[in-house]
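As they're listed, the protein sequences go chains A and B. Each residue of the first sequence is one higher than the one before, starting from 96 at the first, in my numbering. Each residue of the second sequence is one higher than the one before, starting from 41 at the first, in my numbering.
Simulated from the structure, these hints should not be mistaken for lab results. Any given hint could turn out to be false.
Cut-off 20 Å, straight-line C-alpha distance, at most; resulting in silico cross-link-like pairs (SDA-like, lysine to any residue) [said to hold, decoys possible]: (1) B:K205 with A:S99; (2) A:K264 with A:F130; (3) B:K205 with B:R100; (4) B:K66 with B:R235; (5) B:K95 with A:P300; (6) A:K264 with A:R282; (7) B:K95 with A:M137; (8) B:K205 with B:I108; (9) B:K66 with B:D110; (10) B:K66 with B:P270; (11) B:K66 with B:N128; (12) B:K115 with B:D166; (13) B:K66 with B:E51; (14) B:K115 with A:P300; (15) B:K95 with A:R211; (16) A:K264 with A:A316; (17) B:K205 with B:D163; (18) B:K115 with A:A316; (19) B:K95 with A:V310; (20) B:K115 with A:V188; (21) B:K115 with A:S99; (22) B:K205 with B:E183; (23) B:K205 with B:P112; (24) B:K115 with A:K264; (25) B:K95 with A:N311; (26) B:K115 with A:F130; (27) B:K205 with A:L301; (28) B:K205 with B:P219; (29) B:K205 with B:G152; (30) A:K264 with A:S99; (31) B:K115 with B:P132; (32) B:K280 with B:L265; (33) B:K115 with A:C126; (34) B:K115 with A:I253; (35) B:K95 with A:L301.
Small disclaimer: the values here were computed from a predicted structure and weren't measured.
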Amino acid sequence: MNASSDVGYHAQRQSRWHYGEVAFWLIVLACGFAFPTRYLIMTDILRLALFAMSLDLILGYAGIVSLGHAAFFGVGAYAAGLLALHGIINEPVLALVVAGLAAMVLGFATSFLVIRGVDLTRLMVTLGIALLLEALAERFSNITGGTDGLQGIEMQPIFGQIPFDMFGKAGFFYSLAVLFLLFLLARRVVHSPFGLSLRAIKNNPLRAAAIGIPVNRRLIAIYTLAAFYAGIAGALFTQTTAIASLDVFAFERSADLMLVLVIGGTGYLYGGLIGAVIFRMLQELFSTITPQYWQFWIGLVLVVIVLVGRQRLHRWVLYVPNLVIKQVAGRRAIVAVPESDA
Amino acid sequence: MTIALETQNLEKTFGGLRVTRDLSLKIEQGARHALIGPNGAGKTTVINQLTGVLKPNSGRILLEGQDITDLPVHKRVLRGLSRTFQINQLYPDLTPLETIGLAVSERLGHGGDWWRRMGTRNDVNDEIADLLNRFHLLDVMNEQTVTLPYGKQRLLEIAVAIAGKPRVLLLDEPAAGVPESERHDILAVVGALPREVTVLLIEHDMDLVFSFADRISVLVSGALLTEGPPGQVARDPQVKAVYLGEEAVNV
Numbered sequence: 096m097n098a099s100s101d102v103g104y105h106a107q108r109q110s111r112w113h114y115g116e117v118a119f120w121l122i123v124l125a126c127g128f129a130f131p132t133r134y135l136i137m138t139d140i141l142r143l144a145l146f147a148m149s150l151d152l153i154l155g156y157a158g159i160v161s162l163g164h165a166a167f168f169g170v171g172a173y174a175a176g177l178l179a180l181h182g183i184i185n186e187p188v189l190a191l192v193v194a195g196l197a198a199m200v201l202g203f204a205t206s207f208l209v210i211r212g213v214d215l216t217r218l219m220v221t222l223g224i225a226l227l228l229e230a231l232a233e234r235f236s237n238i239t240g241g242t243d244g245l246q247g248i249e250m251q252p253i254f255g256q257i258p259f260d261m262f263g264k265a266g267f268f269y270s271l272a273v274l275f276l277l278f279l280l281a282r283r284v285v286h287s288p289f290g291l292s293l294r295a296i297k298n299n300p301l302r303a304a305a306i307g308i309p310v311n312r313r314l315i316a317i318y319t320l321a322a323f324y325a326g327i328a329g330a331l332f333t334q335t336t337a338i339a340s341l342d343v344f345a346f347e348r349s350a351d352l353m354l355v356l357v358i359g360g361t362g363y364l365y366g367g368l369i370g371a372v373i374f375r376m377l378q379e380l381f382s383t384i385t386p387q388y389w390q391f392w393i394g395l396v397l398v399v400i401v402l403v404g405r406q407r408l409h410r411w412v413l414y415v416p417n418l419v420i421k422q423v424a425g426r427r428a429i430v431a432v433p434e435s436d437a
Numbered sequence: 041m042t043i044a045l046e047t048q049n050l051e052k053t054f055g056g057l058r059v060t061r062d063l064s065l066k067i068e069q070g071a072r073h074a075l076i077g078p079n080g081a082g083k084t085t086v087i088n089q090l091t092g093v094l095k096p097n098s099g100r101i102l103l104e105g106q107d108i109t110d111l112p113v114h115k116r117v118l119r120g121l122s123r124t125f126q127i128n129q130l131y132p133d134l135t136p137l138e139t140i141g142l143a144v145s146e147r148l149g150h151g152g153d154w155w156r157r158m159g160t161r162n163d164v165n166d167e168i169a170d171l172l173n174r175f176h177l178l179d180v181m182n183e184q185t186v187t188l189p190y191g192k193q194r195l196l197e198i199a200v201a202i203a204g205k206p207r208v209l210l211l212d213e214p215a216a217g218v219p220e221s222e223r224h225d226i227l228a229v230v231g232a233l234p235r236e237v238t239v240l241l242i243e244h245d246m247d248l249v250f251s252f253a254d255r256i257s258v259l260v261s262g263a264l265l266t267e268g269p270p271g272q273v274a275r276d277p278q279v280k281a282v283y284l285g286e287e288a289v290n291v
């Protein structure tokens, strides 16, 4: 093998599918058949996973922190709700895309405010935008339904064929399909030269500009794309629960998302997915044990994660799976090896 | 003779401090030009203005006759002006393969490509392989940059600038901080730069300056003290007084 094809081979190392990844998605799919009574919580996890993946795109790859990602989630949620409620677009998939685009427009418009400045300004600006939207939604209650939210949304069948059932089965597989498609797109994007340039910007913006990367334009592009993803997550929320209320913009929603990524790790796309599963399961577990104080335990877990270090935790958790895969496939497990901090 | 890079009456102040004073430099095409001066003479400030990191208060900067004074950093790079940094400015998490691959992709205009995966373009791969080979980085191409020894990082720093195929290259103390055992590699690489690349070298190391440069400008307190071929500069009593005072230079 000559040096050039060797380079090509290694350059594609990360973008090749690994056994661990295939296994991950097969397990997710299998869950849809294994737990037919748990569709609602599982759909909830898928939505959260998509939402977290959206934040990972800007935080894990481009290094943009945000405390107001719920702004895009909320716009997507209300857009999908209004489209269905007023019968503007009845077909859910088309409405989903339109709702995503609405969030995307907002993302593009606000990206110019966000990309300037340092982390602290970004936190404040993103937080401010989300609060602003929440207040607007409350003020224009004739459109949004105010504190009652949008009520009486009736979803039409997907592609006019598959109706949403009361057990949430259709909603689950619909959400899973959307998540998987958007994951494939994100995976493609982060392994492209564009995606690599984002990581370069996160690592060293000064040098990134010094090799000819138009830093601001790249940041605007990824922020806009992430807004689209978050909007889709919000629209899925409305479509699968048939409600949209003011709490789609809530600060807790943005803050939870940070926690999900702290748990799952950033910069390898699976962080949001794994983090969403663990976060919701912890939430379920703790609220069963101590309904009143579950937040205390979540907080404790987070402190432990930060103190022990996620890399070490991952090594412990993945010790057995890695061993098995090593035995079976003769190579290192790729289930989760984050490369950078949150 | 063609002028590759030129400054006209460049002025830069930080508050009340004039760090660049009426500086007019002409660097000929293909030259090996050195900019020297004692600590605090404002050499790096000049580089930062040339590359667009800092904006001069007044004066103009011309690259191959075209005014680039108001261009942002990345546009100057695409016009053929690259630099290395005095203190390594690399991507700690990325590998040398990714770092150079990105620089090559950006130059060829593939940097905004969000669909095609890295490593699937043969022209890019060829160039990466060639650069990694020339800069002795093939064996560490998959290591994270932060884990590389300093000498290798220094080589990568220069390789990244070269990957932009600059017509004018600004080298800001290329050998700074490199241990003696690894200096040879750096000097060899710098010496082997193709002749059509114009090089402006900023350096403290007088051995390197006098062995490399065919023209030297001396900067003192932000202003040009003198300029000429190495022999003339070394004999200049003014230069000896303000800059080389304490050490004798043999050319």
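The hints, checked one at a time:
1. B:K205 with A:S99: holds, 19 Å
2. A:K264 with A:F130: holds, 10 Å
3. B:K205 with B:R100: The given pair, whose Cα atoms are some 24 Å apart, is violated under the 20 Å limit.
4. B:K66 with B:R235: holds, 18 Å
5. B:K95 with A:P300: holds, 18 Å
6. A:K264 with A:R282: Roughly 27 Å separates the two Cα atoms, so the pair is violated.
7. B:K95 with A:M137: Measuring from Cα to Cα gives roughly 55 Å; hence the hint is violated.
8. B:K205 with B:I108: holds, 18 Å
9. B:K66 with B:D110: holds, 19 Å
10. B:K66 with B:P270: Holds. K66 (chain B) to P270 (chain B) sits at ~16 Å (cutoff 20 Å).
11. B:K66 with B:N128: With Cα atoms ~27 Å apart, K66 (chain B) and N128 (chain B) exceed 20 Å; violated.
12. B:K115 with B:D166: Cα-Cα ~25 Å, so violated.
13. B:K66 with B:E51: Given that 20 Å is the threshold and the Cα spacing comes to 16 Å, the pair holds.
14. B:K115 with A:P300: Given that 20 Å is the threshold and the Cα spacing comes to 15 Å, the pair holds.
15. B:K95 with A:R211: Distance of about 18 Å is within 20 Å: holds.
16. A:K264 with A:A316: violated, 35 Å
17. B:K205 with B:D163: holds, 14 Å
18. B:K115 with A:A316: holds, 18 Å
19. B:K95 with A:V310: holds, 18 Å
20. B:K115 with A:V188: violated, 41 Å
21. B:K115 with A:S99: violated, 29 Å
22. B:K205 with B:E183: Measuring from Cα to Cα gives roughly 24 Å; hence the hint is violated.
23. B:K205 with B:P112: holds, 18 Å
24. B:K115 with A:K264: Violated, because 53 Å separates the two Cα atoms, which is more than 20 Å.
25. B:K95 with A:N311: Measuring from Cα to Cα gives roughly 18 Å; hence the hint holds.
26. B:K115 with A:F130: Violated - the C-alpha atoms of F130 (chain A) and K115 (chain B) are around 56 Å apart, more than 20 Å.
27. B:K205 with A:L301: holds, 19 Å
28. B:K205 with B:P219: Violated, because 27 Å separates the two Cα atoms, which is more than 20 Å.
29. B:K205 with B:G152: holds, 19 Å
30. A:K264 with A:S99: Violated, at about 49 Å.
31. B:K115 with B:P132: This hinted pair is violated, its Cα atoms lying about 24 Å apart.
32. B:K280 with B:L265: holds, 11 Å
33. B:K115 with A:C126: With a Cα-Cα distance of about 51 Å, the restraint between K115 (chain B) and C126 (chain A) is violated, given a limit of 20 Å.
34. B:K115 with A:I253: violated, 48 Å
35. B:K95 with A:L301: Distance ~15 Å between K95 (chain B) and L301 (chain A) Cα, so the pair holds.
Violation of the numbered hints given earlier is confined to hints 3, 6, 7, 11, 12, 16, 20, 21, 22, 24, 26, 28, 30, 31, 33 and 34; the remaining hints are satisfied by the structure.
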